[in-house]
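A.B. asks: Here's the letter readout for the chains.
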Amino acid sequence: MTTTDTPAPPGPQLAGRGLGRFADRAFALVLLGAGLSVLVILAAIVIRTTVDAWPVFQYQGFFSFITGTEWRAGFSRNEFTGTYGAFPFVFGTLFVAGIALVFALPLAIAVSVYIVHYAPLKLRTSLSYVVEVLAAVPSIIFGLWGLLWFVPTFIQPVSNWTARNLGFIPFLDGPVANVNYFHAGFVLAIMILPIITALTREIIAAAPISEQEAAYGLGATKWEVIRSVVLPRSFSGIVGASMLGLGRALGETIAVLMLVGGSQRYGFRLFFSGDTMAAHIAATFQDAAPETITALLGIGVVLFLVTMVVNMVARGIVWRFGFKATGDAI
Amino acid sequence: MSLTTDPTLERPEVKPLRMKQGNARRRQNSDRVLRVILTFLMVVASIPLFLIMYQVIQRGAGVISWEFLTAREFPPAREGGGYAAGFVGTGIMVTWAALMAVPTGILAAVYLVEVGRGPLAAAIRFFTDVMTGIPSVFVGLAIYFLIIANTGFTFGAFPGALALGVIMLPIVVRSSEEILRTVPDELRQGSLAMGARRWQTTMKVVLPAAAPGLTTGAMLAVARAAGETAPLILTAFGNINIITDLFNVAIGAVPLQIYNGARQPFAPGIERAWGGALCLLVLVLTLTVIARYIGGRFNKIGNR
Chain S
780 MTTTDTPAPP
790 GPQLAGRGLG
800 RFADRAFALV
810 LLGAGLSVLV
820 ILAAIVIRTT
830 VDAWPVFQYQ
840 GFFSFITGTE
850 WRAGFSRNEF
860 TGTYGAFPFV
870 FGTLFVAGIA
880 LVFALPLAIA
890 VSVYIVHYAP
900 LKLRTSLSYV
910 VEVLAAVPSI
920 IFGLWGLLWF
930 VPTFIQPVSN
940 WTARNLGFIP
950 FLDGPVANVN
960 YFHAGFVLAI
970 MILPIITALT
980 REIIAAAPIS
990 EQEAAYGLGA
1000 TKWEVIRSVV
1010 LPRSFSGIVG
1020 ASMLGLGRAL
1030 GETIAVLMLV
1040 GGSQRYGFRL
1050 FFSGDTMAAH
1060 IAATFQDAAP
1070 ETITALLGIG
1080 VVLFLVTMVV
1090 NMVARGIVWR
1100 FGFKATGDAI
Chain V
7 MSLTTDPTLE
17 RPEVKPLRMK
27 QGNARRRQNS
37 DRVLRVILTF
47 LMVVASIPLF
57 LIMYQVIQRG
67 AGVISWEFLT
77 AREFPPAREG
87 GGYAAGFVGT
97 GIMVTWAALM
107 AVPTGILAAV
117 YLVEVGRGPL
127 AAAIRFFTDV
137 MTGIPSVFVG
147 LAIYFLIIAN
157 TGFTFGAFPG
167 ALALGVIMLP
177 IVVRSSEEIL
187 RTVPDELRQG
197 SLAMGARRWQ
207 TTMKVVLPAA
217 APGLTTGAML
227 AVARAAGETA
237 PLILTAFGNI
247 NIITDLFNVA
257 IGAVPLQIYN
267 GARQPFAPGI
277 ERAWGGALCL
287 LVLVLTLTVI
297 ARYIGGRFNK
307 IGNR
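In order, the protein sequence lines correspond to chains S and V. Per our numbering, the first sequence starts with residue 780, numbered consecutively. Per our numbering, the second sequence starts with residue 7, numbered consecutively.
If you're looking for bench data, these hints aren't it; they were derived computationally from the structure. Fair warning: this is a prediction, and the values are worked out from it, not measured in the lab. Note that beta-carbon positions come from the ideal geometry of N, C-alpha and C, so glycine has one too. It cannot be assumed that every hint is accurate.
Here are some chain S residues pointing at chain V (derived, C-beta under 10 Å) [claimed, not checked]:
hint, residue
1, 885
2, 911
3, 916
4, 926
5, 973
6, 1003
7, 1065
Extracted from the complex, chain V is given alone in its bound form:
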């Protein structure tokens, strides 16, 4: 009555699993080949992007000096001088654009999350998406015809800031909406149960809870606006003098000065363009990295 004699329990001959059968070798080889190809493509894709970083830093670093940050630009063939006009102009326009677009965008997002229902909210959401897709040069054209061609304003910081604000607005709305949706409903219910009004709940509970995420969205929008060139050609127009007026004087911006410096033949102007590019890159990447850092911390807290 030994078990081994039972024919039903006789195990069929099984080849070891490690032994390749049929087309296994071919399949495994093609898998390996693909891994190599994909790794190679990853490296290829990252080379130019890191080359940009490297070269902007390498060629721009020598240009940055106190003078570059504080002096206005000289004619392209002359050494020295700097992008102060651009820094001031970009600063003014981006600040005003942010002051217009960030509160409006956050309130619009609050509307979409807390109040808006039905087709109107759906339409706002859809057209916000549409707005993100508008080419920035068309925004410039539109602001030119809305503000400059048909009213008393001329080129200057105000139309420039409006154009940048229109570019920022949908970015702020989209990211804020996403963030506000992650605020847990318990917070709202708790606040309402304590007797707070809706507006108190929103202003004192929901918005503070979402503040880090909202900051992330706003900073990414600012980073985007600071680097825009095309709309400013049509609205701010550019100026090598330092302008602090908001209205009716054409004003400079860093991207505009880079553009003008890069397309003329004299070495000093080209060098300054690299310097300006480095400043712009540092500004935009700093904003982006800080924004992502804050956003990342917010996500961790939200997921806890």
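If we strip away everything but chain S, and leave its shape as in the complex, we get:
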């Protein structure tokens, strides 16, 4: 047995030599820069748009910009000459998104419950897979399909029939425009259905198994378990998911633009040809004079505020519920 020389403690070598010492710190700085880029971009967007939209809010007054019902675009380069009351678009946005949610939400919950609790085991994974893939279909395709096939062959007759036979109800009376709130809202509902379903399915699948088993053990039928355990337990999650869907519906542009009408007026009728904030921006931007572009930015800022409030409330609910809404679905 020979005694081995114990090597000298490594000492300063471990600290590294030369530039290597700074590598970690530099790397952390790069990462920090990437992380901060999100904040910087968001700040740049918010500040730039607010600053540039300020003149139109000043000219029209923020309150009367939102509540004014007359939108008359001006054609000036340096000054404001038009009248900018964006209420018809605000109303249209809320109305169309509301219609979409009324149709899509119950269906999304039903589909999620079916996929999680009723579908044959073999189908379950493939169904949720299909839902997630469908959520990726671009909105322009929904717009094209809605405008050229679905509305003229399917929804238009239904609307005509409704207006003819139920027209005595003020909300449902005619005339039925070819493109109107209802048609836009209905196609939008089809579009956000897989998006909301992808979320609600996850939430319903996460209802506590032990409580469901306890309910089954007490002799409850499947429907009773769903009604008294699964749905109450997922309630706040579903509220959050539907608000995320609402946020998506509020900001949706191109599919709505092709189906809502673009009339710059509003009416509390299902079959009224109106306009939404996002659709009006996209529809008139390319032909707008500089002052009107600023006014469109004003609409954009209002739209941004509305969707941000809806989204933050929704995220708050979903976060409290302990969920991370998967990024790609939203």
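For this one, chain S is given, so just place chain V on it according to the hints.
C.D. replies: Chain V only, in chain S's frame:
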């Protein structure tokens, strides 16, 4: 002393379990009714979604030809021509958007997972979520006012790519963060114990381990960006000529051409719109399916 005579062991009369008592029949019936209703709703919900697929394929398939893929678009009333301008434009803009957003997004996610602590990381996480909720048309407006209205740039591929990049960034950050969190800590510890620096650990161990998942997130973001229309109306502006410049020339995109084709009355233009829609659908669904496939394999490996 036979057991049967013991009165305490006398079993009470029990009805067979299968016999319905009380409201059991009503409850079971309502259960059955609900099953039928839910199945029916499932079918109803899937009809329009599959109709879309079917009709886009059916009406678009006849349009796709070599000419459609390589020629620029003719005026709407004229037959022939194609979406080459759109394909080139979408390709350029999505590529540049991905080059900007994917590395930034992945590094930001690395920051959130490996370095970031405290309120700053929480703020970044929160505002990334906020960013996913921004309406895409507002992103277009913001880029217009940031890049075009206040600087020397005009409409073109650069602002378009920026707008798409801003839309992609939060998607990449969110999905990458989720994936990086699933990389087991043992890998990091092993690497650090071998004497690797933090950056070496991250670049050579953590990121390669998460690569399939990161690819999934990036591909989903690309799929999302490729289908965006509204922000491009405000930034790329559209062009029926094939443009390869990055700056200062308005550039086309497939969604823009579909939009323009669909809202005019001439049949040839409408047909081309269906063809473009089919191309877009194939592109987006292929990306999504491949991404999910890679992601699914990654999950299996991760769970093993």
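A.B. asks: Determine for every hint whether it applies to the structure shown.
C.D. replies: Going through the hints against the structure:
Using the Cβ-Cβ criterion of 10 Å, the hint placing residue 885 of chain S at the interface with chain V is satisfied: the shortest such distance is roughly 8 Å. At about 7 Å, the closest approach between the beta carbon of residue 911 of chain S and any beta carbon in chain V falls short of 10 Å, and the interface hint on this residue holds. Given hint, residue 916 of chain S at the interface with chain V, holds; its Cβ is 7 Å from that chain's nearest Cβ, closer than 10 Å. Of the supplied interface hints, the one on residue 926 of chain S holds, with its beta-carbon coming within about 6 Å of a beta-carbon of chain V, less than 10 Å.
Of the supplied interface hints, the one on residue 973 of chain S holds, with its beta-carbon coming within about 7 Å of a beta-carbon of chain V, less than 10 Å. At a threshold of 10 Å, the smallest CB-CB gap from residue 1003 of chain S to chain V is about 7 Å, leaving the interface hint in force. Contact between residue 1065 of chain S and chain V, as hinted, is supported at the beta carbon level, the nearest pair being about 7 Å apart and thus within 10 Å.
Violated hints: none; the structure is consistent with every hint.
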